[in-house]
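Student: Let the hints inform the model, and build the full structure from the sequences given.
So the sequences go chain by chain: A and B. Under this note's numbering, the first residue of the first sequence carries the number 888, and numbering increases by one thereafter. Under this note's numbering, the first residue of the second sequence carries the number 221, and numbering increases by one thereafter.
Any given hint might turn out to be false.
As the list claims (entries may be wrong) - DSS-like mimics (lysine-lysine), calculated; alpha carbons at most 27 Å apart, straight line:
#	chain 1	residue 1	chain 2	residue 2
1	B	LYS735	B	LYS246
2	B	LYS426	A	LYS941
3	A	LYS951	B	LYS426
4	B	LYS519	A	LYS1026
5	B	LYS659	B	LYS743
6	A	LYS891	A	LYS1026
7	A	LYS931	B	LYS382
8	A	LYS941	B	LYS519
9	A	LYS1009	A	LYS1028
10	A	LYS931	B	LYS659
11	A	LYS931	A	LYS951
12	B	LYS699	A	LYS1065
13	A	LYS1065	A	LYS891
14	B	LYS659	B	LYS735
15	B	LYS736	B	LYS659
16	B	LYS735	A	LYS941
17	B	LYS519	A	LYS949
18	A	LYS941	A	LYS951
19	B	LYS736	A	LYS891
20	B	LYS699	B	LYS519
21	A	LYS1026	A	LYS1009
22	A	LYS931	A	LYS949
23	A	LYS931	A	LYS891
24	A	LYS1009	A	LYS1065
25	B	LYS426	B	LYS743
26	B	LYS519	A	LYS951
What the hints assert, rightly or not - On the chain A side, residues computed to face chain B include the following (Cβ under 8 Å):
#	residue
27	LEU928
28	TYR932
29	PRO957
30	THR961
31	GLN996
32	PRO1004
33	GLN1035
34	ASP1038
35	VAL1039
36	ILE1055
37	PRO1056
38	GLN1075
39	THR1077
40	ILE1082
Everything labelled a hint here was simulated from the structure, so no lab data went into it. Heads up, the beta-carbon is just placed ideally off N, CA and C, and yes, glycines get one too.
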Amino acid sequence: MIDKYVESASTFSGDIDHLILLVTGIVGFWWLLAEAVFFYLIIKYTAQEGVRAKYIAGEDAKEKRWVSIPHYATLVFDVFIIVSAIRVWQDVKQTMPQADATVRIIAQQWAWTFVHPGADGKLDTADDIRLVDELHVEKGKTYHFELQSRDVLHSFSVPVFRLKQDVIPGRTVRGWFKPTMTGGFDIQCTEICGIGHGLMPARILIHTPEDHAAWLLSQTPATAALTTPTEQTGGMR
Amino acid sequence: MSSTATAEAHGHDAHGHHEEQNFFLKYFWSTDHKIIGMQYLFTGMFMALVGGFAVYVFRMQLAFPGMSVPGYGRVTATDYNALVTTHGSVMIFWVAMPVLIAALGNYLIPLMIGCDDMVFPRLNRLSYQLFLISVIILFASFMVQGGGFGGAWTAYPPLAAKAEYNLTPLGAPLWLLAVVFEFAAFLLGGINFVTTVMNSRAPGMKMFDVPMVVWMIIIASILFMASVGPLVAGAVMLLFDQTLHTGFFDPNKGGDPILWQHLFWFFGHPEVYVVLLPAMGIVAEVITTFARKKLFAYKTVLYTATGTGVLGFFVWAHHQFIAGIDPRMANIFSVTTLLISIPVAEMIFVYIATLYGGSIRLQTPMLWALAFIAEFLVGGVTGIFLGASGADIYFHDTYFVLAHFHYTFFPIAFIAVFAAMTYWFPKMFGRYMNEAWGKVHFWGTIIPFNFIFIPLFLLGARGDHRRIYDYTHFPDLMKPGMQDLRVLATLSLVTLLAFQGVFLVNFFYSMFFGKKAEANPWKANTLEWLAPSPPPHGNFPGGLPNVYRGPYEFSHPDRQDDYWPQHVEGNQS
Chain A
888 MIDKYVESAS
898 TFSGDIDHLI
908 LLVTGIVGFW
918 WLLAEAVFFY
928 LIIKYTAQEG
938 VRAKYIAGED
948 AKEKRWVSIP
958 HYATLVFDVF
968 IIVSAIRVWQ
978 DVKQTMPQAD
988 ATVRIIAQQW
998 AWTFVHPGAD
1008 GKLDTADDIR
1018 LVDELHVEKG
1028 KTYHFELQSR
1038 DVLHSFSVPV
1048 FRLKQDVIPG
1058 RTVRGWFKPT
1068 MTGGFDIQCT
1078 EICGIGHGLM
1088 PARILIHTPE
1098 DHAAWLLSQT
1108 PATAALTTPT
1118 EQTGGMR
Chain B
221 MSSTATAEAH
231 GHDAHGHHEE
241 QNFFLKYFWS
251 TDHKIIGMQY
261 LFTGMFMALV
271 GGFAVYVFRM
281 QLAFPGMSVP
291 GYGRVTATDY
301 NALVTTHGSV
311 MIFWVAMPVL
321 IAALGNYLIP
331 LMIGCDDMVF
341 PRLNRLSYQL
351 FLISVIILFA
361 SFMVQGGGFG
371 GAWTAYPPLA
381 AKAEYNLTPL
391 GAPLWLLAVV
401 FEFAAFLLGG
411 INFVTTVMNS
421 RAPGMKMFDV
431 PMVVWMIIIA
441 SILFMASVGP
451 LVAGAVMLLF
461 DQTLHTGFFD
471 PNKGGDPILW
481 QHLFWFFGHP
491 EVYVVLLPAM
501 GIVAEVITTF
511 ARKKLFAYKT
521 VLYTATGTGV
531 LGFFVWAHHQ
541 FIAGIDPRMA
551 NIFSVTTLLI
561 SIPVAEMIFV
571 YIATLYGGSI
581 RLQTPMLWAL
591 AFIAEFLVGG
601 VTGIFLGASG
611 ADIYFHDTYF
621 VLAHFHYTFF
631 PIAFIAVFAA
641 MTYWFPKMFG
651 RYMNEAWGKV
661 HFWGTIIPFN
671 FIFIPLFLLG
681 ARGDHRRIYD
691 YTHFPDLMKP
701 GMQDLRVLAT
711 LSLVTLLAFQ
721 GVFLVNFFYS
731 MFFGKKAEAN
741 PWKANTLEWL
751 APSPPPHGNF
761 PGGLPNVYRG
771 PYEFSHPDRQ
781 DDYWPQHVEG
791 NQS
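Tutor: The structure is reproduced here in structure tokens:
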């Protein structure tokens, strides 16, 4: 349903879409039923000359069935939704599959800095690639991310991954994703972070392994040195 | 009782030699619960215009980015954030709260339980005065250097705590101060409501003879008083962080920004039920009267309302699923959040069951009450998507959330309130509102309302995130059709706002020139309809009533009339 409008580009985006579809089916059915009964009763019992309303207290069990049966139905379907929701949640937020690479994502008013591991595959080494507002990843690889903030709360959201995580100053929040298709997509800040909140768009670029290798090669130490000052001035703002 | 506190003012049984109070004392220094109720009502209506203007300006900016909005001018990013914050905080703290709790509670409680005034009339006057101060401080926050606060109504630190981040060095603390005063006002009101209902019910009125709207206001007041403490503490801490540069929420000084979120939502979510329950109460009064039906399962409604209130204290962290709290907590709060659908749904089932076998008159108050049920259902079921933690990862902070809670808050703060205003208007002012114009206003509100928020649901599902003043920077949010939906929502909003003019004209014209109303125009059972319309000071000139039965004895088989007022002597049914 969601993937008709927003591409589904991570291993768990399909699970979240299925969960949404399931909830839509369940609540959609009950909502339609409730509205149908409601409008039927309004039409059926519109005041008519000489017809007196019934006197029903709704206190004995036989009458209360009209409320107690839907009550238990709500409970059953709630349990069903809870179980499905928690299964998806645990997969996305409570497990960390083995990572192929780790990226560090630093948010600030009003830009994103993405620290990619260089050719050595490790962070905090000389060949780290720091880019502002551009995250490069490879399709089919599992990434861990480390979220940090320099000032206020931000939120790292990649709609095509169905992924969202707030960024909190003073700590590092970790998570993971595994892209399943190539292309360039929006990264959004989804927590209000000041007057530039609307000016924090970034892009995630998902490459094929070949393209990714080519990109990595293009980020030679010489070009990396050129991008570093951009980030530095960004940090001083 | 109030009779000792204001004995000199009680001239209702001492005809002739009662000195007329001057205008100022009567309308601005009054201890009469009806005047205080109307002070809250008119202030709330005025603030609704403020909140409405704010949303008009920022929705125009979203539909037509960069345009000069008629009546405002160009909207900068700073303006946009301030307008969003103003709209949210005004509509919740200065419209929904004063109208649903304070205005209706003050006006209705003494009349409906059959006493002459609140137990603490002067506390009541103080409550409104504090509220008025909060309004003045709020307006001051718009005028100061740097402009009004723009950190959203949730005021998450560090953005809200540090001027270097929010760029409103004076606007932010003034906004927070206004909120603190507003809370203090409602604490006084809540104490008054609960004490009055416990102590001043008419002779014969047992707890289960109390009309549902009074019960609901009482439960809501208790919820408010129990939940607001942590937030007031948090607000003072935030005020210290802002002005004295303490570090309660500052990670660089050992504080924790997430702490504020817990304090805020521990209040913020029960707050939803604080305004929902009175709205549910209004709807119970209106649908029973206009369906000529006894309320289905009175006690069940009461228990579910209490259950909702209690459970409402254990759901707050569903606002924080992705805020960086321990992810295991989401599992617990997902369970409690979905479970709360049970009592809320049950209330709706009860109301639908009440319609069965009725004799339904579709006059304006009834149209509003029925619309509340139909529209609130949408808000209720869409909440399930957000309570389901896995789905919330995607929906959090998108327009889907926004559309969801507007489908709850708009029915609460406007649809139910319009039901109340049209229903009790003859009592308040002794005149009828115009029925034909009332229906024009009804359809002119309900139809555009859906055309605002259905597009916003769709935009949210397509990834539109909140509080962005210009989407043109996001290629994925400028796909074909998305801007059309934003324009549709904005034009519907303008239509909805225009139709509120019909209401205001009808309201003020009818107040002075409407058809005169008798004491009990809708043939309802509760005690306020025994008092003359409008009720004089002291409420019941013929002496305080006795109560013989419950409030919803409509169409009783032993009686010729299809209603049986609570004060009429006869068998307990």
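Student: Each hint: holds or not?
Tutor: Each hint tested on the structure:
no., hint, result
1, B:LYS735 <-> B:LYS246, "holds, 25 Å"
2, B:LYS426 <-> A:LYS941, "holds, 25 Å"
3, A:LYS951 <-> B:LYS426, "holds, 23 Å"
4, B:LYS519 <-> A:LYS1026, "violated, 59 Å"
5, B:LYS659 <-> B:LYS743, "holds, 21 Å"
6, A:LYS891 <-> A:LYS1026, "holds, 21 Å"
7, A:LYS931 <-> B:LYS382, "violated, 60 Å"
8, A:LYS941 <-> B:LYS519, "holds, 19 Å"
9, A:LYS1009 <-> A:LYS1028, "holds, 15 Å"
10, A:LYS931 <-> B:LYS659, "holds, 21 Å"
11, A:LYS931 <-> A:LYS951, "holds, 21 Å"
12, B:LYS699 <-> A:LYS1065, "holds, 25 Å"
13, A:LYS1065 <-> A:LYS891, "holds, 20 Å"
14, B:LYS659 <-> B:LYS735, "holds, 17 Å"
15, B:LYS736 <-> B:LYS659, "holds, 19 Å"
16, B:LYS735 <-> A:LYS941, "violated, 32 Å"
17, B:LYS519 <-> A:LYS949, "holds, 16 Å"
18, A:LYS941 <-> A:LYS951, "holds, 16 Å"
19, B:LYS736 <-> A:LYS891, "violated, 58 Å"
20, B:LYS699 <-> B:LYS519, "violated, 52 Å"
21, A:LYS1026 <-> A:LYS1009, "holds, 18 Å"
22, A:LYS931 <-> A:LYS949, "holds, 22 Å"
23, A:LYS931 <-> A:LYS891, "violated, 40 Å"
24, A:LYS1009 <-> A:LYS1065, "holds, 18 Å"
25, B:LYS426 <-> B:LYS743, "holds, 22 Å"
26, B:LYS519 <-> A:LYS951, "holds, 11 Å"
27, LEU928, "holds, 4 Å"
28, TYR932, "holds, 5 Å"
29, PRO957, "holds, 5 Å"
30, THR961, "holds, 5 Å"
31, GLN996, "holds, 7 Å"
32, PRO1004, "violated, 24 Å"
33, GLN1035, "violated, 11 Å"
34, ASP1038, "holds, 6 Å"
35, VAL1039, "holds, 4 Å"
36, ILE1055, "holds, 5 Å"
37, PRO1056, "holds, 5 Å"
38, GLN1075, "holds, 5 Å"
39, THR1077, "holds, 4 Å"
40, ILE1082, "holds, 5 Å"
The structure shown violates the earlier hints numbered 4, 7, 16, 19, 20, 23, 32, 33.
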